[in-house]
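Just so you know, the protein sequences line up as chains R and L, in that order.
As numbered in this note's numbering, the first sequence has no gaps in its residue numbers, which increase by one up to the final residue, 463.
As numbered in this note's numbering, the second sequence has no gaps in its residue numbers, which increase by one up to the final residue, 621.
It should be emphasised that the hints constitute simulated quantities derived from the structure, not laboratory data.
None of these values were measured; they are calculated from a predicted model.
In this text, a Cβ means the ideal position worked out from N, Cα and C, and glycines have one as well.
Take the hints with a grain of salt, since some may be wrong.
Listing some non-contacts, in silico: residues in chain R with all C-beta distances to chain L over 10 Å [as the list claims (entries may be wrong)]:
#, residue
1, Glu350
2, Leu359
3, Arg377
4, Ser383
5, Leu394
6, Ala406
7, Gln407
8, Met416
9, Phe422
10, Leu425
11, Thr426
Examples of chain L residues toward chain R, derived with CB under 8 Å [as the list claims (entries may be wrong)]:
#, residue
12, Leu391
13, Ile488
14, Val492
15, Met497
Each chain, letter by letter, is given below.
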Amino acid sequence: MEYVRFAVSALCTLAGLFMVTSAILGVYRLRSSLSRLHAAALLDTLGMLFLLLGLIIAQGPRLISLKMLLLIVFLWLTSPVGSHLIARLETMVHPDLGKEVQIDRTDMVRQLREE
Amino acid sequence: MAKIRPDFESSLYARFLKWVRDGSDRLDEDMAGMQADRSMDPSPAPPEQDMERVMAERKVYDRAQEWGSHQGFRLRNRTYSFLSLFLCLSIIAVLLYATSQLPAFGRAGNPAHNEVSERYLEKGMEETGAVNLVSGMILDYRAFDTLGESNVLLTAVLSVIMLLHMQRREGDPRQEMEDLADQTLYEPRHDPILQTVTRVLMPMLLLFGIYVVLNGHLSPGGGFSGGAVLGAALILHTNAFGSSSTRRFMNMRIFQAVTGTALCFYGLAKAYSFFVGANHLPSIFTPGTPGRLFSAGLIPYLNIAVGLVVACTISALYTLFRKGDL
Numbered sequence: 349m350e351y352v353r354f355a356v357s358a359l360c361t362l363a364g365l366f367m368v369t370s371a372i373l374g375v376y377r378l379r380s381s382l383s384r385l386h387a388a389a390l391l392d393t394l395g396m397l398f399l400l401l402g403l404i405i406a407q408g409p410r411l412i413s414l415k416m417l418l419l420i421v422f423l424w425l426t427s428p429v430g431s432h433l434i435a436r437l438e439t440m441v442h443p444d445l446g447k448e449v450q451i452d453r454t455d456m457v458r459q460l461r462e463e
Numbered sequence: 296m297a298k299i300r301p302d303f304e305s306s307l308y309a310r311f312l313k314w315v316r317d318g319s320d321r322l323d324e325d326m327a328g329m330q331a332d333r334s335m336d337p338s339p340a341p342p343e344q345d346m347e348r349v350m351a352e353r354k355v356y357d358r359a360q361e362w363g364s365h366q367g368f369r370l371r372n373r374t375y376s377f378l379s380l381f382l383c384l385s386i387i388a389v390l391l392y393a394t395s396q397l398p399a400f401g402r403a404g405n406p407a408h409n410e411v412s413e414r415y416l417e418k419g420m421e422e423t424g425a426v427n428l429v430s431g432m433i434l435d436y437r438a439f440d441t442l443g444e445s446n447v448l449l450t451a452v453l454s455v456i457m458l459l460h461m462q463r464r465e466g467d468p469r470q471e472m473e474d475l476a477d478q479t480l481y482e483p484r485h486d487p488i489l490q491t492v493t494r495v496l497m498p499m500l501l502l503f504g505i506y507v508v509l510n511g512h513l514s515p516g517g518g519f520s521g522g523a524v525l526g527a528a529l530i531l532h533t534n535a536f537g538s539s540s541t542r543r544f545m546n547m548r549i550f551q552a553v554t555g556t557a558l559c560f561y562g563l564a565k566a567y568s569f570f571v572g573a574n575h576l577p578s579i580f581t582p583g584t585p586g587r588l589f590s591a592g593l594i595p596y597l598n599i600a601v602g603l604v605v606a607c608t609i610s611a612l613y614t615l616f617r618k619g620d621l
């Protein structure tokens, strides 16, 4: 049982490390800032989830595991919102964004017009 | 933001901006006004006077050039730079020498390991009643120092207010620009995602900040860190719902009242304990049982005062730099 738990926790940690590595690689390799943001968001959500899950499984049912579970909840609540705000600002101010991707800004403007 | 795409005039954002500004561009209006002023100017200066002025200016410029290339001036300049370089290098050398003479880090016989820290570790809990010895130190043994730190925070906000404060006046064009800037798409306050998450997070952030402040004498934390959490929560609220919404519960009057009351309470409470806190005089603030919430004498109350000052300072600094007003 102890071996199984260690194996599962090591597997989770390795998956998290793979996520973190690919995210760092993506941040340096990708060209446009939106795709870089996508790579960085991968680290904040999936990478941290796997790393913390590995730690939780290694710790077993204790108070610190509950705290790490809370950490996952808060990270998943906050960091996607941060990425969303950065992406939103990028779509607002990037001058040549239309050449890289297709933009549909009608939703935002319609919502503002209704207010 | 400074980049403007070539087809800016026909872009969606420019049309939207025009719509927000009621169909007229402020910059265009200004330019039109300036041109109107120039055409209204009744008597342009005669060319002869212009020539005279240009000649006088050139004379002054030539004299400045001559003076700058003068031998004595150049010598003084060179001496000045040489002296400043010498001063810099000698200060660096003295500091490096002094650093090399410092005792090695972590050795038992270092002068930092004297009877003061021993006394804190051995008798701190008994004398102050605080389980968290750091709180016991900064709010009991060295409470006067912490009062000075809180006043430093207040002074920082006061100087920022002196520099940046902008009175809210109706009809002021700058004020109107500010209000318009609140409506643009750059502001995150029209974002339903951010608002929803803020609604979920706000109570937890406030609760956590209050928890850290109140348990300062029991666990790591205290007024400074808990106050920083509370201030960050206020900043998040400003970003999500706009500063006019935050102004309902965090404005200049409330800032003045809370900060002033907290600092005055701190000073009075500490003055009281200066008079009766030693030599077995009877005091209403006793250390109590270490580990209980209501223990450690004055420390929880001083923590609350410091936490309020820090929270107000952080959110006030952010709002002042952002909007020029609380």
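Hints versus structure:
In this structure glutamate 350(R) is separated from chain L by more than 10 Å, as the shortest Cβ-Cβ distance comes to about 32 Å. For leucine 359(R), the condition that its CB be more than 10 Å from all CB atoms of chain L holds, with the nearest at approximately 31 Å. Remark: the non-interface label on arginine 377(R) is consistent with the geometry, its nearest Cβ contact in chain L lying 25 Å away (cut-off 10 Å). A cut-off of 10 Å between C-beta atoms confirms that serine 383(R) is not in contact with chain L; the least separation is 20 Å.
Chain L leaves leucine 394(R) outside its interface by the beta-carbon criterion, the shortest separation being 19 Å against a cut-off of 10 Å. Against the 10 Å criterion, alanine 406(R) stays outside the reach of chain L, whose nearest CB is about 24 Å from its own CB. Chain L leaves glutamine 407(R) outside its interface by the beta-carbon criterion, the shortest separation being 20 Å against a cut-off of 10 Å. Against chain L, the non-interface label of methionine 416(R) holds: every CB pair exceeds 10 Å, the least being about 16 Å.
Not every Cβ of chain L is farther than 10 Å from the Cβ of phenylalanine 422(R); the closest lies at roughly 8 Å, contradicting the non-interface assignment. Listed as a non-interface residue, leucine 425(R) fails to keep its Cβ farther than 10 Å from every Cβ of chain L; the least gap is roughly 6 Å. At roughly 7 Å, the least C-beta separation between threonine 426(R) and chain L is not larger than 10 Å, which violates its mark as non-interface. For leucine 391(L), the suggested interface contact is broken, since its CB lies about 37 Å from the closest CB of chain R, more than 8 Å.
Satisfaction of the interface hint for isoleucine 488(L) is found here, the shortest Cβ-Cβ separation to chain R being roughly 6 Å, below the 8 Å cut-off. The closest approach between the C-beta of valine 492(L) and any C-beta of chain R is roughly 5 Å, which is under the 8 Å cut-off, so the hint is satisfied. Using the Cβ-Cβ criterion of 8 Å, the hint placing methionine 497(L) at the interface with chain R is not satisfied: the shortest such distance is roughly 12 Å.
Checked against the numbered hints listed earlier, the structure breaks hints 9, 10, 11, 12, 15; every other hint is satisfied.
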